[in-house]
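Chemist: Just so you know, the protein sequences line up as chains A and B, in that order.
Per my numbering, the first sequence runs over residues -13 to 196.
Per my numbering, the second sequence runs over residues -1 to 182.
Treat the hints with care, as some may be off.
[What the hints assert, rightly or not] Using 20 Å as the maximum straight-line C-alpha spacing, the simulated EDC-like pairs for lysine to aspartate or glutamate come out as follows: (1) A:K26 x A:D(-1); (2) B:K163 x A:E1; (3) B:K163 x A:D(-1); (4) A:K26 x B:E115; (5) A:K26 x B:D44; (6) B:K163 x B:E133; (7) B:K163 x A:D3; (8) A:K26 x B:E133; (9) B:K163 x B:E144; (10) B:K163 x B:E149; (11) A:K26 x B:E150; (12) A:K26 x B:E144; (13) B:K163 x B:E150; (14) B:K163 x A:E(-4); (15) A:K26 x B:E118.
By construction, these hints were calculated from the structure, which means they are not laboratory data.
Quantities reported herein were computed from a predicted structural model and do not represent experimental measurements.
One letter stands for each residue in the lines below.
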Amino acid sequence: MSPIDQRLQEALDGERDPGELPVDLRESYALLSAAAQMLKAMPPVSVASRVMTEIRQNPAPVQSEGPAHRLMHWLGGGRAVTVRLRPVWTLALAAGLATVLLVPWSSSLPTPGVAQGIANFVGHFPGARSVEVVGSFNDWSRGALALNDDDHDGIWHANAVLPAGPHEYMFVVDGERWVSDPLADHYVDDGFGAGQQNSLVIVRPVSAQP
Amino acid sequence: MVNDGAPDIEVVARVLGGDGEAFGILIRRYEPGLLRFATRMLGNSDAAADAVAESLVRAYRHLAQCRDPGRLRSWLYRITGNRCRSHLARRHTNDISLSDVPAPALADSSDTWAVLERGEQVALVERALAALPAEKREAFVLKHVEGMSYEEMAAATGARIPTLKMRVHRAREALLAALEEVVR
Chain A
-13 MSPIDQRLQE ALDGERDPGE LPVDLRESYA LLSAAAQMLK AMPPVSVASR VMTEIRQNPA
47 PVQSEGPAHR LMHWLGGGRA VTVRLRPVWT LALAAGLATV LLVPWSSSLP TPGVAQGIAN
107 FVGHFPGARS VEVVGSFNDW SRGALALNDD DHDGIWHANA VLPAGPHEYM FVVDGERWVS
167 DPLADHYVDD GFGAGQQNSL VIVRPVSAQP
Chain B
-1 MVNDGAPDIE VVARVLGGDG EAFGILIRRY EPGLLRFATR MLGNSDAAAD AVAESLVRAY
59 RHLAQCRDPG RLRSWLYRIT GNRCRSHLAR RHTNDISLSD VPAPALADSS DTWAVLERGE
119 QVALVERALA ALPAEKREAF VLKHVEGMSY EEMAAATGAR IPTLKMRVHR AREALLAALE
179 EVVR
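In isolation and in its complexed conformation, chain A is listed as follows:
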């Protein structure tokens, strides 16, 4: 196999008029074009009914359910115990975290069950209008858990009771930009190729806390 003429590559890429090619290259162009045309035959099968049957039997959760309802459903029951420790990133973030940990939000969280713990989500997104968390624990549904930045310092935070174990998640900034957590404990491939990664938090059960 030898390299083929660059003019032929350009013609096949639509960057050159194939009519301008020398005769031998024009023949090669016709050969490859005809081969591609043959491969365009549509398979005489359909999986539509099979897929729709599967979807009807196991419908996905509805995204339009009210955020408050979804949040209440998600939080479950329990009392707050912080089980996730993150490294301090910047002084500002440290200050923010200190504020987060000192303010008694935990009193408003339900008590985690035996197999539950609490995950803290903190991110530094200066100038963001909104930040929320979507993940495997809420079927990647938007509107389920919003982060807050009450003092407008760019540090957004939220916490929630989750089942113990690993959970993949992403931040959604301003409703459209999906961002990995730069402070995540771990990262995992998102399973859709392209090398994109989800953040991973491992929630420990309250019963495992000292």
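Here the structure of chain A is known, so what remains is to put chain B in place on it, guided by the hints.
Modeler: Same frame as chain A, now just chain B:
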């Protein structure tokens, strides 16, 4: 009720809003191309049908993870490409069997092709495609069969555009060499 001609972004919003039936619009819109792509990747229409069905169900379950519904097509091809790669990896080989897809009429009947019967031409092309490594086969099919731009291919595969151009160029060289060996 969303109609069949609605933009992807609108249909996706309907599905995420609880209208699971609207996903049927996306299936009708993209299933033929996905099946063709998977068939060319796997060389077998049964395996391709399984891969596409699994991919569409997976896409439905994770639709909220589609970060840009305006590029849904590329996202669906990415999921399907991953399923095909998994399938090939399970077989521990890039080799694929010859397809049972019927041949279309030739768009360009040059003299070189005229020496072969159409069935022979199709078998020859499929054999040459099957002999390519999976990455080059994928690049050639996305470019020349599915008609994607290099930008769409990058979104569908995660590979960089220069890398994809190189794969397409190498695939063309290999196919041309294989075809010319027989027809000239």
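Chemist: Against which earlier hints does the structure fall short, listed by number upward?
Modeler: none
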